[in-house]
Amino acid sequence: MTTEATADHDEHGEHGGDPEHPHADHPKWLQHHWDTPAQQFDAAKLGMWAFLGQELLFFSGLFVAYAIYRTWFGEAFAAGSHELNRTMGAANTCVLLFSSLTAALGVRSSQLGKKNETTIWIVLTIGCAFAFLVVKYFEYQAKFHHGLLPGTFFGTPRDMLTFEPLVGAHSPAAELPNHTNVFFSLYFIMTGLHALHVIIGIGIWIWILKRNLRGDFSKRYFTPVDITALYWHLVDLVWIYLFPMMYLIDYVPPGHRG
Amino acid sequence: MIHLDLLSGLTPPPAAFDLPPAIAVESSQVDWLYNMIYYVSIFFTVVITALMLYWVRKYRRQKTDKRMETPHYPRLEIAWTVIPCFFVVFLFHAGFKVFMTQAIAAQDALEIRVRGQKWFWSFKYPNGREENSHLYLPVNKQVKFLLSSSDVIHAFFVPGARAKKDCVPGMYTTLVFTPNVLGETPVYCAEYCGAPLGYPEPALEGAPHGGHSAMMAMIHVVPQDEFDKFIKEGPKRPEGLTDAEWGKQLYRQNACITCHSVDGAKGTGPTWKGMFGKPVELNAALSGGVGNVTADEEYVHESILKPQAKVVMGFNPVMPPYTLSDKQIDAIIAYMKTLE
Amino acid sequence: MAAITTDQHGHGGHGDPNVDYLHVSKGIWSWIYTLDHKRIGILYLVSVITFFIVAGLAALLVRIELFTPGRTIVDPDTYNRLFTLHGVVMVFLFIIPAIPASLGNFVLPMMLGAKDVAFPRLNLLSYYIYLLGSCFAIYSLISGAVDTGWTFYTPYSTTTNGAVIAMVLGAFIAGFSSILTGVNFITTIHKLRAPGLTWSRLPLFLWAIYATSILQVLATPVLAITLLLLMLERTFGIGIFDPHKGGDPVLFQHFFWFYSHPAVYIMILPGMGIINELISTFSHRKIMGYRAVFISSLALALFSFLVWAHHMFTSGMSEYANMVFSALTFLVAIPSGVKVFNWTGTLYKASIWAASPMLYALAFLFQFCIGGLTGLFLGMLATDIHLHDTYFVVAHFHYVMVGSTVFAFWGGLHYWWPKITGKMYDEGTAKKVFWIVFVGYNGVFLPQFVLGSRGMPRRYYDYLPQFEFLHKVSTMFSWVLAVGLFWMLFMFIQSLRNGKKAPRNPWNSAGYEWGTPTPPPLENFTSPPTFTRGPYDYHLATDAEIAED
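These protein sequences, in sequence, are chains A, B and C.
Counting from 1, one number per residue, gives the positions in the first sequence under my numbering.
Counting from 1001, one number per residue, gives the positions in the second sequence under my numbering.
Counting from 2001, one number per residue, gives the positions in the third sequence under my numbering.
Misleading hints may appear alongside valid ones.
To be verified - Below 20 angstroms or equal to it, Euclidean Cα-Cα: the simulated SDA-like pairs (lysine to any residue) are: (1) C/K2432 <-> A/T152; (2) B/K1066 <-> C/Y2320; (3) C/K2349 <-> C/L2540; (4) B/K1063 <-> C/H2190; (5) B/K1063 <-> C/Y2320; (6) B/K1063 <-> C/M2317; (7) C/K2245 <-> A/T152; (8) B/K1066 <-> C/H2190; (9) B/K1097 <-> C/K2349; (10) B/K1097 <-> C/Y2320; (11) C/K2349 <-> B/N1316; (12) A/K45 <-> C/P2506; (13) B/K1266 <-> B/E1205; (14) B/K1266 <-> B/P1186; (15) B/K1066 <-> C/P2506; (16) C/K2245 <-> A/W29; (17) A/K45 <-> A/V64; (18) B/K1236 <-> B/N1127; (19) C/K2349 <-> B/M1052.
Claimed, not checked - With beta-carbon atoms standing in for the labels, derived distance ranges: (20) A/I206 <-> C/V2324: 20 to 28 angstroms; (21) A/L161 <-> B/R1113: 43 to 51 angstroms; (22) B/G1170 <-> C/G2070: 29 to 37 angstroms; (23) A/P253 <-> B/P1321: 49 to 57 angstroms; (24) C/W2435 <-> B/M1036: 44 to 52 angstroms.
Keep in mind that the hints were calculated from the coordinates and are not lab data.
Yeah, the Cβ is synthetic: ideal placement off N, Cα and C, and Gly gets one too.
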């Protein structure tokens, strides 16, 4: 093993360089253990893809549980699905798809060094995310008011904010087939976990927005925008699966209903 | 333990020093496989270790340390990859074949229902008789066990038959074996199921303590005619015990001890101390309008077979019915009489 | 990205090769905020050793209780909490992070010729996430502890009392540490190899870490969702695993083992990786069948995902499922066998120095044979039915987890101790300690195979008199093992206090990490290296490289 230094490594002159200004020759966003910006960017992307792999596995456990229980309790799942609001679900699907578009456009404008355009795209993405959560709020509220809740809480209509039972409210739970509570348990866990990831995504986008306004990004360095958008696309992708799995069981479009 | 190898058709091999005495037809097949893997394992471990020790000594580093490239032995490497493949396929097949004999029962197998619950075993025979902690089986008859649990997962483990199956709440599992040796063999619980607080006595006399480890039962493999008599009449009082002593055993075996104390302490159910022969205040609404009764033989008899008929004031109607024989109930009554 | 704070670079400047990493900056904050993978490795090392001692003490208490039938020192309920504590802390807070996050963190960049891992800040974050997880576990211990066993089977775990949620939350959080370390190491190995370090020259320890990291990233999230569902079931009665609500308790087992089987390969693969380094260095030879060995590491990682239900042969699964999983389990035996043959073959006509690290490697070979071969009994359906949930299984997994993985950890600790601390430990003491540990360890677990075959179930507080003798033997040897381990700890502390200064390359190794000063400077190499030979090419290495100084 030889230990000769090669020419490449002097690019940012950290060997025996000026101790007062150790990073004089390379920009502050290039970490000291990387040789080139391209290397750092590639590494960030690889790391993010690996992380997304594990996020997928995280949700996959729930998909497996869903598959098993749907096979066993098909009727209950169909009945539970009918209780969901398809219009709101479809609206949320469009909102998220659109937000993926704005995120991708944000990455593009950041790649081109267009700070103001990037700001607009990020703001739109955050806006869509909030819209998603608002629609979700109303959806959940309807479930609470009808007592379509997970586990032991199934069957008692409740107020969403105080969790107190609602007097005089009627729950369709009694008319639903046996084991519909399992459907709603899975519904709340899966959409809830997904919504949590949306909230985390909003937090990260706000931070990216702040950094963009501060001027941290440029043609040479837009990595954080890129990998945040990658995360956001996964969040969108998970919803693309959740929507038909939850809302469209036994769905017959109008005009085909016999 | 009485060991009589009857007309089983297959002589069990002498158990390896570390296997329990075999009591079922399937045991010897399992033991054969166990011993085979055992000898193969010893062989490989000894060979690898011996080579290792020998070469470490023979090729210890000299002052003239000639650093050589490691040679390649492609044919050897292929051999030691491919040959084990064949060996493991054989192992899988052999194990699978024997496994299936424990999985499939003949149409006319004797069906026994087993229920595990913290921390004792319950057995139900085809004629409806139910016993706790002791299981009687006729020799040379295939048994199909239907297993379940009332609370958490337990596991029905009969080392003598090399048989084990989990008892899962909410579903039935099955286990099959054919006992072919007369005598007694233990049943252990092999899925951790917790322990009570304190240090109470186990349900089966002579069993260890501690909940999961206390959850033992005893299988008695008996001749067919004795078995038929048993399930018709129920168990006999064990030799050398008085009725009251047997009653005390039954009190534990059937887990009455879980809810009914004998020292006056309040439990899920009324204490037996000083109860027999005295008046009992009932919860009339739950007892068909009856408000009072004397705790006599008839009352005890009814309360064991149909506990929901009369519920004592201040207690919940949670006692499950027990199918004990008249002799057993008499023994329990005899025990109660000693608890002043 | 924001620049690294200058604190970390200290007085010598971040490129100064004359100051080693331990002295480049001083004070507690330079450790708390460190981004140096070597210091992070040491932080992990101190933590995992602490948890090993905690869980080890619990094990000693368990064995003391088992010294006699009946009550020896504790009640059944306390006993159950002790063995659960032992399992949970050993698995989640010791053995999973131990080799990758402590030794791996330290050595990985050096073996690549890199200055640090790909994501130094993520590395530090991983450590603090691990500490946070351990805080929840400790909180659980002091607020009633848990009596479910480390496997948390439902419905027992959803209905029992105790601080189950805190403990499960601790494991859940610690899992994220594992995942992020995996992400970091995968990226580092892909992106930070020095010029000349092709994949076919990658040290086998790094191949092992690479395979382990893939498992950490892909398997741990399944544990996360399983534990999350368990917590939701306990708090909200969701009903996924509750038969009264239409749920299935066996589903929990499938979810749990889908992670926990790959988890045991997360444990053993790095151990096997260390053995490669030890055998190679102390035989002055490249490992025989280098390619077969790294392919088998990757194969083990892949196969480990396919065999989870061999932990569930008696659970009530269909015969078809049992058949499939038994067949796949036997497949897993092949790569393990290949490795053992290659390690043994490496010794043939080699040049062997049985120094203390090598003793641990040789013990590994012996003990891994036993652990691996006893796996055959358990992979075979017919015999597993008898042996499942008995002491046979306990002995099997202690042979692969402790007799193999932890012995590899101790071997690696001895081996890299000079590199980490710049000091030597006393070799004479180390050899005596090894023999005490070896005898003690085998004395504890060899009798347990017999106990299990004879029908002694596991997790038992009490037992019938026929099992007493072997339990007594096992317990007495546990005291021997404890003495050995405490002496080992003492030996290392003595080394820190007045150990001899270590030469650059005390083991005459050709490994890349021994080409740097001992202890290394902050950025590992005096100047960035280019590799012109493999790490085990002893026939190409110059005498100067192999020499001690």
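Do the hints match the structure? See the list:
Simply put, C/K2432 and A/T152 have alpha-carbon atoms about 60 angstroms apart, too far for the 20 angstroms limit, and the pair is violated. Note on B/K1066 and C/Y2320: the hinted pairing is violated, with a Cα-Cα distance of about 56 angstroms set against a maximum of 20 angstroms. Using a Cα cut-off of 20 angstroms, the hinted pair C/K2349 and C/L2540 holds, with the two alpha carbons roughly 18 angstroms apart. For the hint linking B/K1063 to C/H2190, the alpha-carbon distance of about 40 angstroms lies beyond 20 angstroms, and the restraint is violated.
This hinted pair does not check out: B/K1063 and C/Y2320 have alpha carbons roughly 60 angstroms apart, beyond 20 angstroms. Between B/K1063 and C/M2317 the CA atoms are separated by roughly 61 angstroms; this puts the pair beyond 20 angstroms, and the hint is violated. Taking the CA atoms of C/K2245 and A/T152, the gap is near 8 angstroms; set against the 20 angstroms cutoff, the hint holds. This hinted pair does not check out: B/K1066 and C/H2190 have alpha carbons roughly 35 angstroms apart, beyond 20 angstroms.
For the given pair, B/K1097 sits about 44 angstroms from C/K2349 by alpha-carbon distance, which is inconsistent with the 20 angstroms threshold. A distance of roughly 13 angstroms separates the Cα atoms of B/K1097 and C/Y2320; the hinted pair therefore holds under the 20 angstroms criterion. Distance hint between C/K2349 and B/N1316 is unfulfilled; the C-alpha atoms sit about 79 angstroms from each other, more than 20 angstroms. A hinted pair counts as satisfied when its Cα atoms are at most 20 angstroms apart, and A/K45 with C/P2506 does not qualify at roughly 39 angstroms.
Between B/K1266 and B/E1205 the CA atoms are separated by roughly 24 angstroms; this puts the pair beyond 20 angstroms, and the hint is violated. Only pairs whose Cα atoms come within 20 angstroms are accepted, and B/K1266 paired with B/P1186 is rejected, the gap being roughly 33 angstroms. A C-alpha spacing of about 18 angstroms is found between B/K1066 and C/P2506, which places the hinted pair at or below 20 angstroms, so the restraint holds. Annotation: proposed proximity of C/K2245 to A/W29 is violated, straight-line Cα distance about 54 angstroms (limit 20 angstroms).
Distance check on the hinted pair: A/K45 and A/V64 sit about 28 angstroms apart at the alpha-carbon level, beyond 20 angstroms; violated. At most 20 angstroms may separate the alpha-carbon atoms for a hinted pair to count; B/K1236 and B/N1127 meet this at roughly 18 angstroms. Of the pairs offered as hints, the one joining C/K2349 and B/M1052 holds, with about 12 angstroms between alpha carbons and a cut-off of 20 angstroms not exceeded. Separated by about 48 angstroms at the C-beta atoms, A/I206 and C/V2324 break the suggested range of 20 to 28 angstroms.
Between A/L161 and B/R1113 the C-beta distance comes to about 50 angstroms, which sits within the given range of 43 to 51 angstroms. Between B/G1170 and C/G2070 the beta carbon distance is about 35 angstroms. The supplied range of 29 to 37 angstroms therefore holds. The hinted window of 49 to 57 angstroms between A/P253 and B/P1321 holds, with their beta carbons roughly 55 angstroms apart. Taking 44 to 52 angstroms as the suggested C-beta distance range, the pair C/W2435 and B/M1036 does not conform, at roughly 34 angstroms.
The structure does not agree with the numbered hints 1, 2, 4, 5, 6, 8, 9, 11, 12, 13, 14, 16, 17, 20 and 24 stated previously, though it agrees with the rest.
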